[in-house]
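Read in order, the letters of the sequence shown correspond to residues 0 to 194 in numbering that gives the first Met the number 0.
Treat the hints with care, since some could be wrong.
[Unchecked claim] Pairs of lysine-lysine, DSS-like flavour, derived with a Cα cap of 30 Å:
#, residue 1, residue 2
1, Lys93, Lys128
2, Lys177, Lys93
3, Lys127, Lys12
4, Lys80, Lys128
5, Lys123, Lys41
6, Lys191, Lys125
7, Lys111, Lys162
8, Lys177, Lys12
9, Lys191, Lys12
10, Lys41, Lys80
11, Lys123, Lys12
12, Lys177, Lys162
No wet-lab data here; the hints were simulated from the structure.
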Amino acid sequence: MRIILASKSPRRKEILQNIRLNFEVVESNYEEENSLSLRPEKLVMHLAYRKALDVAERISDEALVIGADTIVVHNGIIMGKPKDNEDSFDMLKKLSGNYHHVFSGICIIDVKGNRHSVNYESTKVKIKKLTDEEIIQYISTKEPADKAGSYGIQGIGSLIVEKIEGCYFNVMGLPVYKLSVLMRDFGVNLLKPGV
Numbered sequence: 000m001r002i003i004l005a006s007k008s009p010r011r012k013e014i015l016q017n018i019r020l021n022f023e024v025v026e027s028n029y030e031e032e033n034s035l036s037l038r039p040e041k042l043v044m045h046l047a048y049r050k051a052l053d054v055a056e057r058i059s060d061e062a063l064v065i066g067a068d069t070i071v072v073h074n075g076i077i078m079g080k081p082k083d084n085e086d087s088f089d090m091l092k093k094l095s096g097n098y099h100h101v102f103s104g105i106c107i108i109d110v111k112g113n114r115h116s117v118n119y120e121s122t123k124v125k126i127k128k129l130t131d132e133e134i135i136q137y138i139s140t141k142e143p144a145d146k147a148g149s150y151g152i153q154g155i156g157s158l159i160v161e162k163i164e165g166c167y168f169n170v171m172g173l174p175v176y177k178l179s180v181l182m183r184d185f186g187v188n189l190l191k192p193g194v
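Let's have the full structure, built from the sequences with the hints guiding it.
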């Protein structure tokens with residue numbers, strides 16, 4: 000059975016490659032709506048479902064479509080991807096020295112089976128106290144540009160993450176353990192070689 004990742008995220012692709020999953024990428028055209036008045040966990044599950052559905056509607060043969068979405072929440076405020084460097088600076092200034100939560104929603108749609116399953120993961124993260132100069136230096140690496148909350152835990156951003164409570168892969172954008180649980184519901188064991 001085809002497995003399709005409905006995402007253009009290089010990090011999600013990397014995570015699936017690292018677990019040796021045979022999959023293909025079909026980018027979702029769904030426009031994210033972080034302005035919806037939903038609780039963070041409901042929002043990421045909704046967005047993951049909509050992304051997966053956008054791709055599933057374009058597939059005619061048997062396939063499982065994986066959709067995902069990640070947001071950062073600090074003091075009840077949702078932080079998506081930054082619009083520009085100034086937005087990155089503002090986000091990192093707010094996160095500096097504080098805890099926040101990273102929420103990722105995952106949805107799997109069985110195209111021919113006409114069913115889906117959705118879930119989410121939450122991880123608590125603390126960013127070290129940053130000086131304005133450190134924030135500017137980090138932004139100059141261009142790493143924050145395409146990441147929720149303006150940092151990436153797996154790259155240079157690992158130097159500013161002081162503490163994490165929960166799933167590391169969730170902070171990267173795809174909680175792989177949660178994914179494995181959902182995939183089992185569709186008869187796919189990710190530990191099995193050649194999946």
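How the hints compare with the structure:
1. Lys93 / Lys128: holds, 10 Å
2. Lys177 / Lys93: holds, 29 Å
3. Lys127 / Lys12: holds, 28 Å
4. Lys80 / Lys128: holds, 21 Å
5. Lys123 / Lys41: Holds: Lys123 and Lys41 sit about 17 Å apart, inside 30 Å.
6. Lys191 / Lys125: Violated, at about 35 Å.
7. Lys111 / Lys162: Measuring from Cα to Cα gives roughly 42 Å; hence the hint is violated.
8. Lys177 / Lys12: Holds: Lys177 and Lys12 sit about 16 Å apart, inside 30 Å.
9. Lys191 / Lys12: holds, 19 Å
10. Lys41 / Lys80: holds, 18 Å
11. Lys123 / Lys12: holds, 23 Å
12. Lys177 / Lys162: Distance ~21 Å between Lys177 and Lys162 Cα, so the pair holds.
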